[in-house]
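Could you put together the complete structure from these sequences and hints?
Listed below are the residues making up each chain.
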Amino acid sequence: MVRLWWQGLVRFYDEMYQAPYRRISRRAQRRQDDLFRLMVMSESLGIPNPVSFYTLELMPFVLEDFHEWHQRMGMEHSPLEGFRCC
Amino acid sequence: MTSWLMALIAFVVFFLGYHFYSRFIAERLFQLDPDYRTPSRRFEDGVDFVPTNKYVLWGHHFTSVAGAAPIIGPAIAMIWGWGPALAWVLIGTVFMAGIHDFGTLWISVRNRGQSIGAIARNVISPRALTLFLLIIFFLLLMVNAVFAVAIGTLFSTFPESVLPYWLQIPIAIAIGFLVYRRQWGIVLPSLVGLAALLGLVYAGTIVPLELPKEMAGYSSTAWWVLIMLGYGAIASRLPVWLLLQPRDFINSHLLFVCLVLVYLGVFIGQPEIVAPMYNEAVPDDAPPLLPLLFVTIACGAISGFHGLVSSGTSSKQLRYETDARFVGYLGSTGEGLLAVAAILATAAGFATVGDWNDHYGTWAQASSKGIAAFVQGAGNHVENLGIPVEVATTFMSMMVVAFAATTLDTSMRLQRFILGEIGRQYRMPALGNINFATVIVFLSCAALAFFADPNNPGAGGMVLWPLFGTTNQLTAGLSLLILTLVLWHLKRPIIFTLVPFLFLGVMTAWSMVINIGGYLADGNMLLLVIGGGILVLNVWLVLEGVNALRHSREASEMLDMGDG
Chain A
1 MVRLWWQGLV RFYDEMYQAP YRRISRRAQR RQDDLFRLMV MSESLGIPNP VSFYTLELMP
61 FVLEDFHEWH QRMGMEHSPL EGFRCC
Chain B
1 MTSWLMALIA FVVFFLGYHF YSRFIAERLF QLDPDYRTPS RRFEDGVDFV PTNKYVLWGH
61 HFTSVAGAAP IIGPAIAMIW GWGPALAWVL IGTVFMAGIH DFGTLWISVR NRGQSIGAIA
121 RNVISPRALT LFLLIIFFLL LMVNAVFAVA IGTLFSTFPE SVLPYWLQIP IAIAIGFLVY
181 RRQWGIVLPS LVGLAALLGL VYAGTIVPLE LPKEMAGYSS TAWWVLIMLG YGAIASRLPV
241 WLLLQPRDFI NSHLLFVCLV LVYLGVFIGQ PEIVAPMYNE AVPDDAPPLL PLLFVTIACG
301 AISGFHGLVS SGTSSKQLRY ETDARFVGYL GSTGEGLLAV AAILATAAGF ATVGDWNDHY
361 GTWAQASSKG IAAFVQGAGN HVENLGIPVE VATTFMSMMV VAFAATTLDT SMRLQRFILG
421 EIGRQYRMPA LGNINFATVI VFLSCAALAF FADPNNPGAG GMVLWPLFGT TNQLTAGLSL
481 LILTLVLWHL KRPIIFTLVP FLFLGVMTAW SMVINIGGYL ADGNMLLLVI GGGILVLNVW
541 LVLEGVNALR HSREASEMLD MGDG
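Respectively, the protein sequence lines represent chains A and B. Taking the UniProt record's numbering as reference, the numbering of the first sequence is continuous, increasing by one, and the terminal residue is 86. Taking the UniProt record's numbering as reference, the numbering of the second sequence is continuous, increasing by one, and the terminal residue is 564.
Just so you know, these hints were derived from the structure itself, not from any lab. For every residue, glycine included, the Cβ atom is placed at its ideal position computed from N, Cα and C.
From the structure, some residues in chain B lie toward chain A, with a derived Cβ separation under 10 Å:
#	residue
1	Gly46
2	Val47
3	Asn53
4	Ser64
5	Tyr180
6	Gly185
7	Ser190
8	Pro239
9	Val240
10	Trp241
11	Leu244
12	Gln245
13	Asp248
14	Ser252
15	Lys316
16	Gln317
Structure (structure tokens):
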């Protein structure tokens with residue numbers, strides 16, 4: 001009973017803390033993620049990248065939500081020649 | 001009347017308002033549909049649109065709308081007696097604020113979660129959006145100046161609150177760091193932080209911190225104003241998770257603690273009301289009750305700022321349309337309770353009429369010392385609970401300062417965004433520079449705080465309060481006008497929004513004419529220009545609204561009528 005009550009309190013507190021600023025913090029996080037994704041894929045997009053040897057390894061991690069990203073950036077279809085997500 | 005009876009009447013009136021009137025509004029006017037797919041469910045993205053539990057949403061809606069303003073307004077309006085102030089808060093909350101907050105939430109939900117400004121563009125005209133943004137800009141400018149002055153006044157009057165207020169900042173930063181960087185849960189850090197803050201309140205009574213009464217020809221209040229605006233400028237540059245978010249969270253605890261303490265103090269101590277019910281000996285320099293009462297108490301009776309919160313964030317998180325009644329109407333009722341607490345503190349918080357008169361001898365005194373009267377009076381009520389009066393007044397003072405400082409931080413951020421928007425629109429890239437925009441915001445707010453009252457630079461900024469209230473009510477009037485137009489097109493009863501709109505329209509225009517007359521007589525060109533500008537916007541907006549009535553439009557153009 002006490003445990004359930006405590007869990008309810010924790011959930012309520014967490015929501016009360018996050019809800020008013022969720023929009024701002026998620027947007028800030030998304031901006032950072034977008035910048036990171038751009039750096040990782042810069043070579044593929046035609047931007048010279050002196051450390052592409054290293055960022056290439058990170059490619060698999062950013063491809064998962066690649067489709068959502070290019071649509072958000074205003075590109076209706078995939079800008080990558082060799083990667084057609086849509 | 002005794003103070004506990006006043007509190008009881010307020011509770012009963014608000015309960016009846018929520019139980020009967022808001023249900024009537026929900027069923028007859030807005031015809032809430034439990035099956036309607038709200039924007040939070042239709043566009044759920046985890047960022048902007050997130051279905052949220054109605055109790056959580058009510059909590060953050062209420063704490064977003066309730067701040068220092070519903071305390072300052074009634075504390076100043078007490079100069080006309082507690083009767084008019086109480087009547088306006090009760091009637092305003094039940095018949096105007098409730099329907100305004102509830103209505104703006106509903107109309108935003110039925111417009112894909114758009115803000116009230118964007119809805120004004122659809123319902124009235126594209127020009128209405130521009131006028132709306134201009135009014136918001138003036139509103140923010142005055143919020144910053146007025147709240148900085150209120151904080152300065154409290155720091156000078158209650159130096160005990162300086163230490164706990166400033167040490168609240170590292171506590172908030174520690175909470176933000178633990179939650180975001182260390183991934184701690186929020187319960188433990190916030191409860192420990194709150195306990196530490198209450199300990200610091202006690203420490204503040206032992207170590208009061210004061211600035212010299214005068215430095216370089218300016219009073220300590222004026223220096224505090226500059227310091228607070230400087231603080232606001234710096235704080236508004238920090239990431240929200242670091243300071244604003246945790247401090248806002250602590251403040252929401254302080255708000256509930258304050259309400260509980262004041263009402264408990266009133267019911268247990270049952271202090272006598274010493275202030276007159278209707279003050280027949282109003283000082284000569286005070287403006288007439290009619291219409292100034294209705295703009296002096298804006299937040300607490302009806303406030304346009306609430307519409308920005310309802311349509312800006314709450315509407316995107318409302319899970320069911322039927323929750324709008326609970327979140328919107330009850331949110332405004334919560335603020336009404338805070339305003340009644342301010343009336344109780346300033347009407348029954350003093351031992352004798354003489355003590356009360358010390359704060360309300362002149363209009364200038366009421367404006368500058370009204371907030372101090374609240375702190376003193378509320379502290380006296382809390383003393384009835386066995387808490388030493390010094391600790392209680394320090395707590396109240398720190399709480400009001402914390403509310404005002406958080407608003408200052410948020411408002412300076414918003415002003416910077418608006419400047420950036422103007423810069424993009426008119427090709428002035430410098431305004432988009434975050435540092436440059438921050439400096440501009442700081443200078444404009446400081447200039448307003450220092451030049452608003454040339455006889456008392458810095459400390460005299462509370463003369464802006466009636467102008468701030470008028471602008472706030474004007475924003476509320478615009479929201480009510482939009483609601484009326486939509487209901488008219490839907491062929492539903494409009495009397496319940498039209499009457500509050502007409503009332504506010506007349507009162508704000510009348511107040512502004514009186515304000516402008518006063519500025520003209522005093523030769524205060526700055527306020528004359530600002531007041532004149534706002535009056536022009538007021539008239540212009542009403543004309544735009546009347547013009548919109550002439551255009552026959554389909555209701556579906558203004559409202560999503562489908563089931564989502």
